[in-house]
Amino acid sequence: MFELGGIFEAIGKWLNGFLPPVWVTIISAVITGLAVLGFLSLLALFLVWWERKISAHMQQRYGPMRTGWHGVLQTIADGVKLLQKEDLMPKDADRIVYFWAPIICFGAAFMAYLVVPFGKGIIVQDLNIGILYIIAITTFTVVSLLMAGWASNNKWALLGGMRSAAQIISYEVPLSLAIVGAVMLAQTLSMNGIVSAQAGGFWHWYVFREPLGFLVYYIAATAEANRTPFDIPEAEQELVAGFNIEYSGMKFAMFFLAEFVNMFTVSAIAVTLFFGGWQPLFSFLGFIPSWVWFMGKSLVSVFVLMWFRWTYPRIRVDQLMNFAWKFLLPLAFLNIILVGFGIVVFK
Amino acid sequence: MTVKELKTEEFMVNMGPQHPSTHGVCKLVIKMDGEEIKEITPHVGFLHRSIEKIGENRTYAQFVPYTDRIDYVASMNANHAYVIAAEKLGGVEVPERAEYLRVIMAELNRIASHLVWLATFAIDLGAVTPFLYAFREREMILDLFEMTCGQRLTYNYMCIGGVNWDIPKEFEPKLREFLKIFPSRVDDYEDLLTNNPIFLYRTKNIGILSKETAFEYSVSGPSLRGSGVKWDIRKAESYSIYDRFDFDIPVGYNGDAWDRYRVRMREMRESAKIVQQAIDGLPGGDIQTKVPRTWKPPEGEVFTRIEAPRGEMAYHIVSDGSTKPYRMKIRTASFCNLQVLPIIGINHLIADLVAIFGSLDIILPEVDR
Amino acid sequence: MDSEGLLKYITEEYKDKIIDSGIVGGVATIEVKPGDWESIAEYLKGDMETRFLSVSNYGAVDYREKLGGYQLVITLFSYEFNHKLTMKTLLPAEGEECPEIKTLSAVWPVADWFERETAELFGIVFVGHPDPRHLMLDEDWDGEYPMRRGWSGRDFITKPDK
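Protein chains in written order, with this note's numbering: chain A, 1 to 347; chain B, 1 to 369; chain C, 1 to 162.
Simulated from the structure, these hints should not be mistaken for lab results. Mixed in with the good hints, there may be bad ones.
Unchecked claim - Using 25 Å as the maximum straight-line C-alpha spacing, the simulated DSS-like pairs for lysine-lysine come out as follows: (1) B/Lys211 with B/Lys235; (2) B/Lys7 with B/Lys31; (3) C/Lys88 with C/Lys17; (4) C/Lys66 with C/Lys8; (5) B/Lys27 with A/Lys155; (6) B/Lys324 with C/Lys66; (7) B/Lys38 with B/Lys174; (8) C/Lys159 with B/Lys53; (9) B/Lys88 with C/Lys8; (10) C/Lys45 with B/Lys230; (11) B/Lys7 with B/Lys38; (12) B/Lys88 with C/Lys17; (13) B/Lys296 with C/Lys66; (14) A/Lys155 with B/Lys38; (15) A/Lys326 with B/Lys204; (16) C/Lys15 with C/Lys102; (17) C/Lys15 with C/Lys45; (18) C/Lys88 with C/Lys159; (19) B/Lys290 with B/Lys235; (20) B/Lys273 with A/Lys155; (21) B/Lys31 with A/Lys155; (22) B/Lys169 with B/Lys273; (23) B/Lys324 with C/Lys17; (24) C/Lys8 with B/Lys53; (25) B/Lys324 with A/Lys91; (26) B/Lys88 with C/Lys15; (27) C/Lys45 with B/Lys235; (28) B/Lys53 with C/Lys17; (29) B/Lys211 with C/Lys45; (30) B/Lys88 with B/Lys290; (31) C/Lys17 with C/Lys45; (32) B/Lys296 with B/Lys324; (33) C/Lys33 with C/Lys45; (34) C/Lys66 with C/Lys45; (35) B/Lys324 with B/Lys88.
Using the sequences and the hints given, assemble the complete structure.
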């Protein structure tokens, strides 16, 4: 009844009646894509507000209270303000690179959702190499941050860009290796395939099959999303604002929203790979729509990421590298070995 | 091509005067090799108001409000340093009750000042939440000050010969309530930071200030005690009535940022102990010895110093027997403490510099005066 | 040592170099000739009986009207013995003259900033100072010494043109 996946199917069927199949595929992909885009934009707005409220309540404040009920419209007000801001560009900036950096950052953040299964049948394209695609596309973020840092012609921004390059490239390795465990268990790279492999109750979720893999993934993902304690490319106390120091107006807003979308991306992948995606906790709870399960799980994960941010101090850049290469990477390998053993022994 | 053949280039970066972690308007010109700091040159003076010159053009009583502006985070202590010097110059006796009130206010302000330091230090390391926790307790202290003297930042509370206002009757219960909950609140901060592994990574063995360097640069206050020197002017010279109270001088061992943090955290507890003893022993009586508006101290010179939250604050006043000082030299703790930054800050990363700067607890109006 | 004992010890040890001595406001005070300024400072720091490792205060007083010069005042103290000593010297100067004296920054590194401040505010030249830039004032500030008596900031207020 409330399964949204059915709507897309119905549209597909209706279109099939009078159009050749190629067109149907294209049109339904476009419709789903637009729906996801619109939904994510709203979600990012919500997440900004949510983070402000969570941080406020953790710090014995109220946070935004004036615009709408408990300040829900605050982000929209901020967005309108940012739209009206002058779009400044430093005099000696590399104009083309400076212009494209936020767009690539924003685009890469959204493109990851092409293969994320939001619910049963709600997926833009179920690529058979879905997870590989995600690893590839999220790496684009580092390119955009490096572009922003370089093009701003500002030493602080450059330091921020360099830091982000070093950080994301380092954490990409344990992150990918942590994903390998889930892929080994599911025997597929398709996102939908991984979700269906975890069907039938929470004890089938991979977080219980390979907790180590989840741990490595989650830590690396926090770094990937540039969240505290790994937010060194921004580090407002050290680099003032890092790579986005010179950006203003809508360009800044794009970086800002991309950060929140990225945070949701890593949570969504964590849920897909380790928490059964849109599968319910118990099969008798299946009457709750699958997209509710997916969103609920993802938002819990987002909440944990926010919790990290408002609790921990920031780690230093060299300690961050040491942690990635000397601790997380061996752990990720160990996880693969353990999963391999498990598969051999239990099957 | 090997790594050694790759050419690297050192570059200069201006940190400040509008950088968020320089705690005011300090400009550090840093020579960096990648992220490693090779040389630091502090540029101060952005807040130079020449308070010493102002002192020569104001009467002794008129100058008290200016002392608030020397160290606006610990105005009570700044007041205290000045009035003690002026009273010693003129031989003014201070009533017992006023001495007690001064100690209560000075120690409360020390706690408030350390709370501000804790808040900003945590923020420098990227932990935002302790900031608001610390400000919650600071708010209670500011409320106490507000009900006594009507101000929340620059108090102008002490005057030559005593204090300007007596405490209202709701002060004591409020203060006792604060003293009751404060130790548990300090435990809260320690839970958030002290043994947090990331916090330890960021502060242990960072910015080690050796005893010898501390002596050479006359570092004072908690920054000195962090290096393991048991030196506190409240004990060593026991000005005012500090000899009547029982308190410890916390010291560190290595002189790193973590030791300075620990010293300040324990100092807050010690200050709360002093306030407790002072409020318990608060005598009745006058709060002020009347000193005429155009007070003329005898000709002479005086040098006094006190232990302000950031260290030694000293006044050297020369009087020529007129209503205005002939010369007033103010020695502040931050002025000397900031000088060690180029020594202990090099060969660290930029993130460490922020931590070191925060751990030294520099306040720029005190440097520039 | 208390102030009296300290003063007695120092006056006996360096009696040919001390012009005047006494206890001012509870602090042992000696006055030396400008030429002995640096050498006495070195002795006081190295002397195992005094061990003045640190500087508490260091500044100048403009006594041109009364004594015909600037008085440099340095207050030393010892963590070890918990005693203080004020050392003074009078630098003869008249009018806008800038007197010269040897720097103490080699003896106590902390004197570096104290001397930079005194140099720019009083116009005293510290010979051999490692870093004689302005500390508080602007880099292009020149020829005016604000802490000299008689200098007034009012000269520097420029009123907007009508």
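Results for each hint:
Taking the CA atoms of lysine 211 of chain B and lysine 235 of chain B, the gap is about 19 Å. The hint holds against a cut of 25 Å. This hinted pair checks out: lysine 7 of chain B and lysine 31 of chain B have alpha carbons roughly 17 Å apart, not beyond 25 Å. Distance check on the hinted pair: lysine 88 of chain C and lysine 17 of chain C sit about 12 Å apart at the alpha-carbon level, within 25 Å; holds. This hinted pair does not check out: lysine 66 of chain C and lysine 8 of chain C have alpha carbons roughly 28 Å apart, beyond 25 Å.
Distance hint between lysine 27 of chain B and lysine 155 of chain A is fulfilled; the C-alpha atoms sit about 16 Å from each other, no more than 25 Å. Restraint check for lysine 324 of chain B and lysine 66 of chain C: satisfied, since their Cα atoms lie roughly 16 Å apart, inside the 25 Å limit. Of the pairs offered as hints, the one joining lysine 38 of chain B and lysine 174 of chain B is violated, with about 50 Å between alpha carbons and a cut-off of 25 Å exceeded. The hinted pair formed by lysine 159 of chain C and lysine 53 of chain B meets the criterion: a straight-line CA distance of about 22 Å does not exceed 25 Å.
With a C-alpha separation of about 24 Å, the suggested pair lysine 88 of chain B and lysine 8 of chain C falls inside the 25 Å cut-off, and the hint holds. Using a Cα cut-off of 25 Å, the hinted pair lysine 45 of chain C and lysine 230 of chain B holds, with the two alpha carbons roughly 20 Å apart. A threshold of 25 Å between alpha carbons decides the hint, and for lysine 7 of chain B with lysine 38 of chain B the separation of about 17 Å falls inside it, so the pair holds. With a C-alpha separation of about 30 Å, the suggested pairing of lysine 88 of chain B with lysine 17 of chain C is violated against the 25 Å cut-off.
Our distance criterion of 25 Å between C-alpha atoms is met by lysine 296 of chain B and lysine 66 of chain C, whose separation comes to about 19 Å. With a C-alpha separation of about 16 Å, the suggested pairing of lysine 155 of chain A with lysine 38 of chain B holds against the 25 Å cut-off. The straight-line distance between the Cα atoms of lysine 326 of chain A and lysine 204 of chain B is roughly 20 Å, inside the 25 Å bound, and the hint therefore holds. The hinted pair formed by lysine 15 of chain C and lysine 102 of chain C meets the criterion: a straight-line CA distance of about 21 Å does not exceed 25 Å.
The suggested pairing of lysine 15 of chain C with lysine 45 of chain C holds, with an alpha-carbon distance near 17 Å, which does not exceed 25 Å. Restraint check for lysine 88 of chain C and lysine 159 of chain C: not satisfied, since their Cα atoms lie roughly 41 Å apart, outside the 25 Å limit. Restraint check for lysine 290 of chain B and lysine 235 of chain B: not satisfied, since their Cα atoms lie roughly 29 Å apart, outside the 25 Å limit. For the proposed pair lysine 273 of chain B and lysine 155 of chain A, the alpha carbon gap of about 48 Å is over 25 Å, so the pair is violated.
Using a Cα cut-off of 25 Å, the hinted pair lysine 31 of chain B and lysine 155 of chain A holds, with the two alpha carbons roughly 12 Å apart. About 21 Å separates the Cα atoms of lysine 169 of chain B and lysine 273 of chain B, which keeps this hinted pair within 25 Å; it holds. With a CA separation close to 34 Å, the supplied pair lysine 324 of chain B and lysine 17 of chain C exceeds the 25 Å bound. Under the criterion of a C-alpha separation no larger than 25 Å, the hint pairing lysine 8 of chain C with lysine 53 of chain B is inconsistent with the structure, at around 35 Å.
A distance of roughly 53 Å separates the Cα atoms of lysine 324 of chain B and lysine 91 of chain A; the hinted pair therefore is violated under the 25 Å criterion. A C-alpha spacing of about 30 Å is found between lysine 88 of chain B and lysine 15 of chain C, which places the hinted pair above 25 Å, so the restraint is violated. Distance restraint check for lysine 45 of chain C and lysine 235 of chain B: the Cα-Cα separation of roughly 24 Å lies within the 25 Å cut-off, and the hinted pair is therefore satisfied. Between the alpha carbons of lysine 53 of chain B and lysine 17 of chain C the distance comes to roughly 33 Å, so the proposed pair goes past 25 Å and is violated.
Distance hint between lysine 211 of chain B and lysine 45 of chain C is fulfilled; the C-alpha atoms sit about 16 Å from each other, no more than 25 Å. Simply put, lysine 88 of chain B and lysine 290 of chain B have alpha-carbon atoms about 15 Å apart, close enough for the 25 Å limit, and the pair holds. Between lysine 17 of chain C and lysine 45 of chain C, the direct Cα distance comes to roughly 16 Å. Compliance with the 25 Å bound is thereby established for this hinted pair. Between lysine 296 of chain B and lysine 324 of chain B, the direct Cα distance comes to roughly 8 Å. Compliance with the 25 Å bound is thereby established for this hinted pair.
Distance check on the hinted pair: lysine 33 of chain C and lysine 45 of chain C sit about 18 Å apart at the alpha-carbon level, within 25 Å; holds. At most 25 Å may separate the alpha-carbon atoms for a hinted pair to count; lysine 66 of chain C and lysine 45 of chain C exceed this at roughly 31 Å. A C-alpha spacing of about 15 Å is found between lysine 324 of chain B and lysine 88 of chain B, which places the hinted pair at or below 25 Å, so the restraint holds.
Checked against the numbered hints given earlier, this structure breaks hints 4, 7, 12, 18, 19, 20, 23, 24, 25, 26, 28 and 34; the rest are met.
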